[in-house]
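We have chain A already, so just place chains B and C with the ligands on it with the hints.
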Amino acid sequence: MRYAMAIDIKKCVGCADCVVACQTENNVPIGYARDWIIEKVEGLYPDLRLHFESQRCNHCDDAPCVRVCPTGASHIIEGGIVKVTHEECIGCGACIEACPYEARYFHPDGYVDKCTFCDHRTSQGDNPACVSVCPTHCMYFGDLDDPESPVSKILREREHYALAPEAGTKPNVFYVK
Amino acid sequence: MKKITRRDFIKISAAGGAALAMTDPILNWVPSFLKQDYTPLSEDKAERTPTVCEVCFWKCAGWVYKDKNGKIQKIIGNENDPHSMGRLCPRGTGGVGMFYDKDRLKNPMIRVGKPGSQKFKEVSWDEALDYVAKKVKEIGEKYGYESMALLDHGTTAHHFEHLFRSMGSENTAEPAIAQCLGAREAGFIHTYGSGLGSPEPVDIRNAKCVVFIGSHVGENMHNGVVQDVSYGIDHGLTIITVDPRFSTVASKSKYWLPIKPATDMALLLAWMHILIYEELYDKEYVEKYTYGFEQLKAHVRNYTPEWAAAKTDLPDDLIKKAAYEMAAASPAVAIHPGRHVAWYGDDTQRERAIAILNALLGAWGRKGGFYFPEKKVLPKYPIPHYPEPKWTWKDITHDKYKGAFTGVTNLLIDASLPENKSPYKIKGWFVVATNLIQSIPNKEKTLRAIQNLDLIVVVDTMPMEITGYADVILPESTYLERYDYLRSSRHKVPNVALRMPAVEPQYNTKPGWWIAREIGIRLGLKDYYPWETLEEVLDWQLKQVGSSLEELKKIGVKTFPKEEALYLAPGEDYEFNTNTGKIELYSTSLAEMGYDPMPKYKEHPQPQAGYYRLIYGRVPMHTFGRTTNNPNLNDLRDENHLWVNPKVAKILGLENDQEVWLKNQDGVVSTFPVKVRITERIRHDSVYLPHGFGHTASKLSRSYGKGGADWELTTKVALDDVTGGTGMRGNFVTILTENPHKNQEAES
Amino acid sequence: MKEQLMASGRNIPDLYPHVDVWGFGIPLYLFIGGLAAGILLFAAYFYLKGKGDELPVTVKISTIIPPVIIALGLFFLVEDLHHKAYFWQLMTHFRIQSPMSWGAWVLTVVFVLSIIWPLTFMDDIIKFFEENGRKKWANSFVFINNIIEKTPVLPVVITWSEKNRKLLAGLLLFFGTILGIYTGILLSSMNARPLWNTAILGPIFLTSGISTGTAAIMWMSNNAKEKLMYSKIDFVLILTEIVLIVLMFLGMIWGGEVQVRTAEMFFGGEFTAVFWGIFVGMGLVVPAILEYMEMKGIHVPVAVPAFLVLAGGLLFRIIMVTAGQISTYLF
Ligand SMILES: Nc1nc2c(c(=O)[nH]1)N[C@H]1C(S)=C(S)[C@@H](COP(=O)(O)OP(=O)(O)OC[C@H]3O[C@@H](n4cnc5c(=O)[nH]c(N)nc54)[C@H](O)[C@@H]3O)O[C@H]1N2
Ligand SMILES: Nc1nc2c(c(=O)[nH]1)N[C@H]1C(S)=C(S)[C@@H](COP(=O)(O)OP(=O)(O)OC[C@H]3O[C@@H](n4cnc5c(=O)[nH]c(N)nc54)[C@H](O)[C@@H]3O)O[C@H]1N2
Ligand code: SF4
Ligand code: SF4
Ligand code: SF4
Ligand code: SF4
Ligand code: SF4
Ligand SMILES: [Mo]
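Chains as they are written, first to last, in this note's numbering: chain A, 1 to 177; chain B, 1001 to 1748; chain C, 2001 to 2331.
Keep in mind that a hint or two might mislead.
In silico DSBU-like cross-links for lysine-lysine, where the CA-CA straight-line distance does not exceed 30 Å [what the hints assert, rightly or not]: (1) B:Lys-1706 / A:Lys-40; (2) B:Lys-1402 / B:Lys-1602; (3) B:Lys-1699 / B:Lys-1675; (4) A:Lys-177 / B:Lys-1320; (5) A:Lys-177 / B:Lys-1321; (6) B:Lys-1647 / A:Lys-40.
Please keep in mind that the hints were generated in silico from the structure rather than gathered at the bench.
For reference, chain A alone in the conformation it holds in the complex (with noise of 0.2 Å):
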């Protein structure tokens, strides 16, 4: 099992409502997030063209902060989900170092914290939080094993990209084009 994310730009309008979803969802603190938006615009006037990205872990399969983390609190478990054990981290920040995409932060609790794919809904066969409230139904989430799920249908039927490549860690969120 492999999850993965895939996310029509087509369709996203930057709304941030996966970001407050995961925010209640999972209690993250006021002032902190687990997903952001990047706003992109490219041209000149008024030949212009713009999109959102929704950016969250990428749950590398290569992960370089499941590979520097000293005491494993940062491990992957089922269906390549990374995630943090919160008492077993010492809060070193090697892993927020490692990672490219920054999606990880000192929780105000000390240790470090992320998006965790929902794994506790995820495992029950229900989407994750930010999939399920997206009012663009521009998120689709599933198991890159399976070819009839809605993450492996949209992954080959249209053009993506994933974020920095070239660092090399494999990423699992993709952006439709």
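Same frame as chain A, now just chains B and C with the ligands:
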């Protein structure tokens, strides 16, 4: 499948690799109080109660989930709700912050000392309500209860409208009409004999083409529209957007028409010209259902695309291409009427033009155009007839604004001014769930009216600007802590939705229905309140339609079978609610009232050198100023930016994030600085400032002084000659890079 | 025109406008690691070559520095943790893939060895200070010695170690080298930062670490021959370091867009002056010239190049940590 995860692998190698590694439990001496419970909520085990979102006026139904400790955890959409389709917008999801905001109004307060003093004291509900009742009686006895005006918005408004009708005043108005969609309703009423209402019955899901004219879907997060457009993008919908700004939806459009602001009418007339003279209109439909085609044809003869190109600063072939696209999609096409349409003063006429275009395209009553919505009518709980007021809003409105169909906020304000010499005087206000200081243009005038009142009562949840001018502040519980009337809206499927308290009211707050009832009883209006709690009313109403409060508590939303058709049947004879029974391309009703029966192009002022048109709109994560202090939503966006075209930035030497101040054509200067965003996404003749920021109420700890306030700079108003609505887009600003308040600060 | 902005407001100062989780602690920790490794490597190496009496400062005296500074380094390491109450988790895990993990372990092992090593030379150390007129220092060590003799186990360990110094030196050589390399690997294990994502960083840090060790010994030495020898060694180390640094930048400039943007921070960007002017100029070139003069018999106070090398070494680590955190693949 091999179940060795990377973690197992590492643990094994670590154990093998070093004898030093010890097992965790031995050293796991951290006391349990240091450990938090991180187990996330499990939806199927959690308690949930139905709600209807009050963060904006789309009124989505949803579920409030509580955690193990009975605290509100999250709100999500109700799958069976046609407004939300199971998904809330960011503001709805962040609605929890309305409840948790520590800055909320907590106790009733009365102004002490001289009128206008800045001192309030916290009082008991009894004291506050007795005081309000006493003052209202005084006004009623001295001037008549007609002299009490209600300015309101949102669901709570119903409770106070009932109170006002019971005491004999119909002087009620909402900024959601005169400052928002009034002109649109009038424009459609005078064309189709019926307005649009909310949600707008635009059939985007089935459309092949939809046109947005300054309607910035995606920033305007009206949930249904956003979801429909997104569905459309997946299903081959062509979008055309007319906006001086490269809005979010413009970026998703086949054609973006970066129009010169205030010239939309030229474009609309040219589109009519193209459809008619190139014979692209729906002939059969026009023939069968419309009135006045020949007059219209003659009327738009000179409104050619070339003429419009010069007015609108758009290439004429772009104007044409857009028209061809619409015609090709006809009748599965809709020119969206927009919602906040109080722009330039000829707003009813502009909306008329949109209504006419839709008729030419044969879109009204057609699949993929406009559908016929239907509502489940709930019987009214039996009460005596309301007393007949001696005068109403109509008496102060209709001599000038004959097309107004409800009270007009700004005219009620005018009637409160000291210079009002007419017999119709307003002496007291109830301001319920509306922040007049931010929402009504020309703050200075509003303040003069307030100074002239004998009483101003504000019912709100937050210490907004308007509460600072109140004589009595009544803190309402948020929508998550109260019952309200059922939502029964016009939609594709008739439906009702329940809002009930998820938790007990926080602090010393009370639901609106309770507040209104208590005042009513103190005014001797007990007969109008033959019930003790709103639950009784709701249960009674639901039982009349074969349901019950108990059922609604479980399901939240109940849908009912549709009784009327969604679209016109082919060749169906249909009687429109107009004088002629037809869709009036030539409006006989407007002509009767002495207005132009067909829309004309009118030049509006353009900014003088050094000035830029101030245009405003929404950010997706906020509703006006009501959410900018909401902790969850403030976290997403705590200030706005002033959008400036790079050319302008170059001329003025501006840099990104530089703080500037704005001064408008009337010399009004913004209180707080705003940061600059240099972006190609806007024309060079305009600057853009999302609305709702720059709060001046200092008790809003997160949003006070954050960002720029379009509303402070909106002092010039172009009144819509049909409805009296306030066109607010004719304000021009110049950008100040030096703090204009520096000297004053030094002096004071 | 290209515009890119955060549309959801993510005001985490640790992350924006750029990652900033490692402050002064980590560079200092890296500096200390390199310096301690440098000193210990020379001590062990020359002891094994049988030059204990010929080079007393190298083998015996200077080794009082490492235990003190490593203690300091460990303190900074823990101090830098955000979840301090859980620091012990570091010592309940050993993760070979994590430089942070084995670095902590190596530092701990080296710490123990570095304490024992000078204790086996207590008499020589006291004598050295007395001979050099440092009465107070000598007295302090006498005092320490007295305490140690009263403890139950330590005297036995020390006596055993005195007999097995060769083994001890071998261990020091082994773990000291790992420690030196580790300080470079720690950064380059972070894929995320283009500046650190280069294999050449390890050798640079090792060279620079040994160079700071050389400087420290040179400074402490009272022996002209020893001083001259270290001048020569350091001269070679500095030249090596410069070559490696040049190679590092060539690699970046010839690399992809991301690397080029990273290099720009040092060529015209915000780090140009500190890096080339202060670190390379004052911390490498000037001391190299002074050492060259020393080699040519032109006498210079050895404290000057020694201080410059030490300060340069610390500055280098500060720059690399700060600039590394700014460099990013995302743009
Ligand atoms: N300059 C400028 N003016 C505008 C607009 C603009 O874009 N720019 N937009 C116009 C439009 S389209 C509209 S619809 C109007 C809207 O104008 P308003 O109706 O004034 O809407 P809000 O600004 O949301 O103010 C709502 C008030 O209700 C309070 N409130 C929120 N929830 C509750 C509740 O449950 N109970 C009670 N009692 N109070 C509550 C809030 O604290 C706030 O004080 O503004 C119009 N005015
Ligand atoms: N997130 C969010 N969503 C909301 C609200 C909110 O507060 N927040 N409020 C809701 C309410 S009550 C309303 S009424 C609606 C209003 O939402 P809409 O009806 O969609 O939008 P407006 O506020 O009328 O218009 C804003 C757009 O008009 C453009 N514009 C300015 N001048 C001109 C012009 O001269 N011509 C043209 N063609 N375009 C122009 C601006 O660039 C901007 O993109 O939004 C609703 N949805
Ligand atoms: S909720 Fe959906 S549309 Fe909104 S920003 Fe997130 S991904 Fe985009
Ligand atoms: S995105 Fe960052 S935190 Fe997530 S798995 Fe990849 S490297 Fe680790
Ligand atoms: S901060 Fe925590 S999770 Fe990250 S590397 Fe250090 S111990 Fe591991
Ligand atoms: S998957 Fe879950 S944890 Fe990750 S961003 Fe979405 S809501 Fe947050
Ligand atoms: S559109 Fe958003 S804010 Fe408005 S009612 Fe629906 S969920 Fe609430
Ligand atoms: Mo509105």
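Comparing the hints with the structure gives:
The hinted pair formed by Lys-1706 of chain B and Lys-40 of chain A meets the criterion: a straight-line CA distance of about 24 Å does not exceed 30 Å. Using a Cα cut-off of 30 Å, the hinted pair Lys-1402 of chain B and Lys-1602 of chain B holds, with the two alpha carbons roughly 20 Å apart. Simply put, Lys-1699 of chain B and Lys-1675 of chain B have alpha-carbon atoms about 22 Å apart, close enough for the 30 Å limit, and the pair holds. At most 30 Å may separate the alpha-carbon atoms for a hinted pair to count; Lys-177 of chain A and Lys-1320 of chain B meet this at roughly 29 Å.
Straight-line distance between C-alpha atoms of Lys-177 of chain A and Lys-1321 of chain B comes to about 25 Å, which keeps the hinted pair within the 30 Å bound. In summary, the hint linking Lys-1647 of chain B to Lys-40 of chain A is supported, as the alpha carbons are separated by about 20 Å, within the 30 Å threshold.
Consistency note: the structure conflicts with none of the earlier hints.
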